[in-house]
Amino acid sequence: MSDNGPDGSVSTDDSREDSSNQLETVELHNVTVTFSKKPAVRNVSFTAKRDRVTSLIGPSGSGKTTLLRAINRLHDFNKRAVVTGQILVHGTDAYQMPAPVLRSRVGMVFQRPNPFQTMSIYENVASGFMLNGVRGKAMIDEAVEESLRAAVLWDAVKDRLKQPATILSGGEQQRLCIARALAIKPEVLLMDEPTSSLDPIATQQIEDLIGDLKRLTTVIIVTHNMQQAARVSDDCAFLLMAEDRAGELIEFNTTEKIFHDPSDPRTLDYIAGKFG
Amino acid sequence: MSVIVESDQEAQARAHIQGLIARRFQRRRVLSWVSLSFVGLALLVALFPLYSILEQTVAIGGHYMRLSFFTQNELSPTVQHPNLVGGINNALVGTLIIVAVAVVLSVPLGIVGGIALFEFDNKFVATMRSALFSILAMPSILYGLFVLILAASFKLPFGAYLGSIALAILMIPMVAIVTFEGLGEVPRLHVEAGLALGAQRLSLMRRVMLPEARGRILPGALLAASRAIGETAPVLFVIGSNSYTSWNPFSQVESLPTVIYSDLASNYPAVRAECWAMGLVAMTIILIFNLAARSYFAWSSRELAG
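The listed protein sequences derive, respectively, from chains A and B.
For the record, in the first sequence the residue sitting at position 256 is 256 according to the working numbering, with numbers rising by one throughout.
For the record, in the second sequence the residue sitting at position 299 is 1299 according to the working numbering, with numbers rising by one throughout.
Hints are computed from structural coordinates only; laboratory data are not their basis.
A couple of the hints might just be wrong.
[Said to hold, decoys possible] Covered stretches of chain A, going by a simulated chain B footprint (3 or more residues, C-beta under 8 Å):
#1 37-46
#2 68-81
#3 120-133
#4 258-265
Beta carbons are placed, not taken as given, at the ideal position from N, Cα and C, and that holds for glycine.
Could you build the full structure based on these sequences and the hints that come with them?
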């Protein structure tokens, strides 16, 4: 019931499913992140599959964002942070390849829209190429249009691509950041509470978009909003702080199972709003 | 009934607190007035010398403000013609040449130095960083001595370029520090956006961090240049002297502050009075640099804020 999920296109081609199951996933094996020797998340293992949206939920401090940032190695810049365990991105160990290469394959959208202030709308979307020293106007033009269309922003900005990104509204800026991440065709897209600074209408638009994004890339989303997790995700990881304040994975399952028939009583309590 | 009793207590407590605040209010108002008056008085005391210098400079120097003063070179008065002082073209051009070359030398080096301070996080760089801050407090005549010794050791002829080197050495730490601070003000979120796209430090620096820090770095460089314009000691020993205008950085030149320095010792009142005029010119140039720095900073913060 849960393996093929609601996505009919996957189940029509079983052979492709089988071969891709191994490779086109993000696998976490016993991932622990410590800051100054104090664990922030401990021993987390789950697999985020292609064509599905995986959400990380849990109360504040349960290590959702910490875990997400371990996947694209943003903790590398913090000398006090140590990541142990194994993270496989489409079969390759994330910590065995150069970090910039990994990050170009694992896109990220942040809590607040963060377009580059000194760049135009076009330059922002093209920045993944520019920052990696890739040239080729025709290819970049095409990628910019394609990813702006994927982020449902093309029609709104196609006549003002040369204008600064800062003229856009918050919701538009966040979609611009999604387009920027998509332009270099990442295999995985990490979203860290992408709607937490947006109004309800902009939030709705981003949520609608996330449903389409999973056709392009594996999506892993952190959200503090359980309704959002229920609306947008296919699989769900529930994290909770242990007594020593380290986040632990309580339960990983399909979103439907987590929200309707969780196996751990703590998940049920959280879903029911008894704490958090 | 218990509800009414509780709200009675509540009303009493409120009346008590409000009474306390009202009684304190008068005292606080007087105290506030007294302290503000004191601050205002301190401001007047601080501004008075500044005002009288400015007033003197404009009152005496203002008489010289005509075109010929800027286009003529300096002349030497004689007993027969004690008011024959000429103009300041040679000193003005000398100053501009010295400072322009100093800017060309110091701004790129200062920016690269600031990037290094920001990027390399180790004991050596941390030491360099605090050393740079303390070097700013060094008496500027030491820069002049250093370049004088440099010229003597390598048998270099005096000229504007030596003054530029002295001023560049003075400006590099200032530019490096504003670069370092400007880079530190680029929001973490923008840096991470670049990193998350796979950018390496160099391209992130070039495409994201330096453009976003530009609004801090360029005004800082302008302010450093405006400080260099007024510096006498670093250039005093090494630029030589020249009563004619020269645009060649390798020729000997005069500069406004050094001419002021030497003319103040003159026996002719007209020559001494002319110093105020040169002071006024130098002050005006520095004011223009400062205004340019401020307006560029304001413009770029508006740009960044959208």
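For each hint, the structure was consulted:
1. 37-46: Violated: only 0 residues of the region 37-46 of chain A have a Cβ under 8 Å from chain B.
2. 68-81: That given contact holds, which follows from 3 residues of the region 68-81 of chain A lying within Cβ reach (below 8 Å) of chain B.
3. 120-133: holds (count 6)
4. 258-265: With 0 residues close enough to chain B, the hint is violated.
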